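Novice: Taken in sequence, the protein lines are chains A and B.
Under the working numbering, the first residue of the first sequence carries the number 1168, and numbering increases by one thereafter.
Under the working numbering, the first residue of the second sequence carries the number 1168, and numbering increases by one thereafter.
There may be inaccurate statements among the hints.
No distinction is drawn between identical chains; accordingly, a pair holds when it is met within one copy or between any pair of copies.
Heads up, simulated DSBU-like pairs for lysine-lysine below, C-alpha to C-alpha not over 35 angstroms straight-line [as the list claims (entries may be wrong)]:
id : residue 1 : residue 2
1  : LYS1171   : LYS1187
2  : LYS1394   : LYS1451
3  : LYS1411   : LYS1451
4  : LYS1179   : LYS1461
5  : LYS1389   : LYS1461
6  : LYS1171   : LYS1394
Worth flagging that the hints you see were computed from the coordinates, not collected in a lab.
The model shown is predicted, which means the values in this text are computed figures rather than measured ones.
One letter stands for each residue in the lines below.
Number of protein chains: 2
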Amino acid sequence: LDTKELAARLAKGDRRAVAKAITLVENDGAGAAGLLKAIGPGLGNAFVLGVTGPPGTGKSSLVDRLTESYRKRGLKVGIVAIDPTSPLTGGALLGDRIRMVDHTLDQGVFIRSMASRGWAGGLSGAVADVIQLLDAARMDVIMVETVGIGQADTDVVRVAHAVMVVLMPGLGDDVQASKAGLMEIGDVYVVNKADLPGADDTVVDLLAMARDFKGRDPSVLKVSAAKKEGVEVLVGVLERIRAKFLASDQGRGREIRLRSIKGMITETARRRVLVDLEGRTDSKVEALAEEVMKRRLTVDEAADTLLEGKERRRGTRRRAR
Amino acid sequence: LDTKELAARLAKGDRRAVAKAITLVENDGAGAAGLLKAIGPGLGNAFVLGVTGPPGTGKSSLVDRLTESYRKRGLKVGIVAIDPTSPLTGGALLGDRIRMVDHTLDQGVFIRSMASRGWAGGLSGAVADVIQLLDAARMDVIMVETVGIGQADTDVVRVAHAVMVVLMPGLGDDVQASKAGLMEIGDVYVVNKADLPGADDTVVDLLAMARDFKGRDPSVLKVSAAKKEGVEVLVGVLERIRAKFLASDQGRGREIRLRSIKGMITETARRRVLVDLEGRTDSKVEALAEEVMKRRLTVDEAADTLLEGKERRRGTRRRAR
């Protein structure tokens, strides 16, 4: 595999090269690090939009509508859909979720589903890598969509340049509680399915909650993805945010870029540590649990023992370069 | 601090000692490891029941009803409520959620709220420690209740001896998707709010889904926590499971104990690794992100650099012993 050549094909936006590159980094294959190094000079153009919110609010449909609109404006769009994983099988639960619009024939759109870590788990560890690859492939906008039932919703905030929170009218009291969390992370709030009763109440409610979070002044917009209402206004708002991001390597723009890079570094490091830990878990934990059962070790001591020898095991990927 | 004395007070079920001990292990205070060692011989009696399910299904009310019923049977009950944490402030979002019944004057009940890691994050890392302390304090049943919107729901499966999934009639299509995940983890399924329309449909639905998961034959029960209907039948089912757990150090009972111990070891190890990683994150990541911004490092290389020097930093808690 020639990473230089793959990087060159990426830079031309070759979709097959993108797919190949993503598979490579997801599997931590030989050359993955080299590829990520080779694409370095071409990075920094893509605007990463995190899309999150409770289940059932129509995030995927909205992402499809946004994609249509971005395409009309001549922009290239990458979509990364983070799906929860079954705790037992490790497989993606929503891997087959149906996208309303078929973009598969459009060379300007690249869609990738990724399994999160664990059921309702955090971002797939490789998401930082994938964002970089899509950036290198000259995507203008990369939407990272989470299913809104887990850690991924928080983690996406760390890597995104801006976050769009999708809500809908009539969400219950429990969601109200998570909404307090969501109020902290959004740059743009969308009340989707705005043709349903109570949409205005939800907007008023959101504006009131926004007032409690000083220093943030989010946009709150009513949209109906199904009826295609309000989408252009939303894209206009998002495009203003992207323009600021592109215009400025200084001040707020610089801060946003730096925050995203920090998020990508910590996500990558975290993934590496957890993968390493899981790698040694199976047989060793079994033996340690037996020791705990026999009262020869405490759980605390067993955890320590499990973490010993960490140094010897780490760096498998590094050697593969 | 005399850990031996604290352990002795714990063994008598002294609630103030329990509170003190939990604070100690949560803060990784000096003597925490010693305390966990000292209580070792007294462990193994408590039955750990994970309680999970989507938001709004009335888990807390049901846990309250179960507590009442267990108390009538003369059993001591520990409740660990895992609350989601704000991604920005780190504070618990639902810390003030109202429990329907006030057990605070009852010496046979101990309730502790713990913040999860990150908003909708996994179990608080110290949950394995807290379970052990409540076990040492002679609790017969420990209910670990998660809010049903995150990683904690999966993680609780790993440490619990049995898992009760709480659902309700009329859950939407998106919850349907998470239900597929929930079908894998439950030993007992409760359709709470069974006085609402559609309860029987939900039961039929659950039984049909259960059939798809061979090898598991979960109980499906209709309950109304609010109307106190069906609670005694549910406790009867749970008590049968607990009896099997208590009776047997062999076969299935042994397997369940071993699985829980394995879960507690990996949770503890995971917490230690992540705490360690976070500890070095702030200043070092800032500097590394600047390097990435200047294209001197890739994200990949920055993550590696962040993980270097790990060995030197680890083991702070160990030294404190």
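Novice: Quick one: LYS1171 to LYS1187, C-alpha cut-off 35 angstroms, is that within a copy, between copies, both, or neither?
Specialist: Within. Shortest intra-copy distance 13 angstroms satisfies the 35 angstroms Cα cut-off; inter-copy 59 angstroms does not.
Novice: Is it within a copy, between copies, both, or neither that the alpha carbon of LYS1394 lies no farther than 35 angstroms from that of LYS1451?
Specialist: Neither. Shortest intra-copy (55 angstroms) and inter-copy (48 angstroms) distances fail the 35 angstroms Cα cut-off.
Novice: Using 35 angstroms as the alpha-carbon threshold, which applies to LYS1179 and LYS1461: within, between, both, or neither?
Specialist: between (61 angstroms within a copy, 23 angstroms between copies)
Novice: At most 35 angstroms between CA atoms: does that hold for LYS1389 and LYS1461 within a copy, between copies, both, or neither?
Specialist: Answer is neither; intra-copy 60 angstroms and inter-copy 39 angstroms both fail.
Novice: When Cα atoms must be at most 35 angstroms apart, do LYS1171 and LYS1394 count as within-copy, between-copy, both, or neither?
Specialist: neither (45 angstroms within a copy, 68 angstroms between copies)
Novice: Using 35 angstroms as the alpha carbon limit, work out where LYS1411 and LYS1451 are close: within a copy, between copies, both or neither.
Specialist: between (51 angstroms within a copy, 28 angstroms between copies)
Comparing the model with each numbered hint stated earlier shows that hints 2, 5 and 6 do not hold.
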